[in-house]
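**Q** Each protein sequence line maps, in turn, to chains A and B. First residue of the first sequence? That's 1 in our numbering, and the numbers climb one at a time after it. First residue of the second sequence? That's 1001 in our numbering, and the numbers climb one at a time after it.
Source of the hints: derived by calculation from the structure; they are not laboratory data. Accuracy of the hints is not assured; some may be wrong.
[As the list claims (entries may be wrong)] Cut-off 30 Å, straight-line C-alpha distance, at most; resulting in silico cross-link-like pairs (DSSO-like, lysine-lysine):
id, chain 1, residue 1, chain 2, residue 2
1, B, LYS1133, A, LYS160
2, A, LYS114, A, LYS52
3, A, LYS26, B, LYS1195
4, A, LYS186, B, LYS1255
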Amino acid sequence: MKLSSLFTIFIALLLCAAPASLLAAKVGEAAPDFTGTASNGKTYHLSDYRGKYLVLEWHNNGCPYVRKQYNSGNMQRLEKQWTGQGVVWFTILSSAAGKQGYVTASEENDYMAKMQAAPTAALLDPTGDIGHLYDAKTSPHMFVINPQSVVIYDGAIDDKPTTDLSDVPGATNYVSLALEQAMAGKQVATAATRPYGCSVKYSDSH
Amino acid sequence: MLLCAASALANGTPIPHGTLELVAEDQWLDKQGLDKQKIAAGCTFDVGLHFQLEKGWHIYWINPGDSGEPPRVEWQLPTGVSAGAIEWPTPRRLDSGSIVDYGYEDAVLLIVPMRADSSLAAQQIAHLAAEVKLLVCSHEMCIPGKAQLSLALPIKSQPPATDTRTTDGPTDGPTNDLFAATRRSLPGPAPRAWKFIVSDAKDSFVLTANIGHQITQAVFFPLVESQIENAAPQKLQTSAAGFQLTLRKSNQLLKPIARLQGVLVLSSNLSSSNLLDNSAGYLIDVPVTGRAETRSTITK
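From just these sequences and the hints, can you work out the full model?
**A** So this is what it looks like as structure tokens:
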């Protein structure tokens, strides 16, 4: 066996053995790259979007915290507002097959049409690979990445960790604040919060 | 002196996958009639939110961990009655792989201390009401719920016959047992002779405890969210006089913290598989010292 393949195996073992959060995305550090297949059939590489701001939104359409954002129209409004300003917005679905929030590509497309959702794309991640890479805990867990590909926000969508629709209008939205502050050349004041919501329904075998 | 008394609803109010009932202890309840009931005004008395859940479902501790949220109570109380804070029993670690929550399965009583004052004099019956908002989850899904609860407190102007706060009250009954068992599951202060140090060690907090004896198991429940990585293994090193517990910092913790607060559950018995069911735990609140004390136990 060649040394290089031994080395590859060694690295692969290391990656398998390392706890997810040691590799996970962290504020101030480089955003881990990934390749995702979207419900629209296209393949997206995070690294293709260097030079742009990115938002990652963990999604589960059955989760009451997600429903609060979508039934109030708040998440769609944010998607339209920020993609309209050149931000790339990935909705990421890490529910495993058979678990709450798992959908096929066509079901996700139907859902987005019905809800008038407008992310750049919805990435289907039933293996949980992207979710574990970012150590996504909840739906909706949100990340903001700057044009230098550095994570500048990791946490909740807003400061009202409830399922009440009535809490949406008065909430301080951390994703918008991070984008506004970063685009104005300022330091993001609140760069990490507890990502409230439902636990991400990962595959048991991961 | 004034007295008041309580009577409970016979049945719980439905919540998703369970029931919730506002209850008081048996000594405040009288199955024969209201006239024998007595809770002193100017006194304190406990009521409880009794959650009973179907198998596989849970509610959350004050720090819910990685997901979920604790029950929230809005009291509607008559003038002269005020509610204290919920007394949270030691929770369980609800582990679903990379996500760890803190909460209660099966059944739990959340005791709320109440205070009655003399302004209750003119009232015959004080009605306590509470709106509880909660999230009930299984490992598969979460369902929000809301319940309107009430409890009637007849008020008497006789002196109280007994101390209203004793764990073994004047009467024995199922509700008394429930309150007594719950009080035993509340975390209490650690013995004064025990010494704790928490050092900030880059990626971890290291809790060093000198407790004068050897333990075999230790679990720490952080009172404040997003301080430690809930799903990370809590690495235990024991010695004859105590132990060291390494707690990995949360990804969301970007600033130093002044204190580490939480509940520490210890066991000296290796065969005790039900560590969390048998031990109430100790409330600890320890200042965090600087990185100078970095230990060799830290792993990157």
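**Q** Take the hints in turn and mark each one as holding or not.
**A** Against the structure, the hints:
1. Between B/LYS1133 and A/LYS160 the alpha-carbon distance is near 14 Å, which keeps this suggested pair within the 30 Å criterion.
2. Only pairs whose Cα atoms come within 30 Å are accepted, and A/LYS114 paired with A/LYS52 is accepted, the gap being roughly 28 Å.
3. For the suggested pair A/LYS26 and B/LYS1195, the alpha carbons sit about 34 Å apart, so the restraint of at most 30 Å is broken.
4. A threshold of 30 Å between alpha carbons decides the hint, and for A/LYS186 with B/LYS1255 the separation of about 18 Å falls inside it, so the pair holds.
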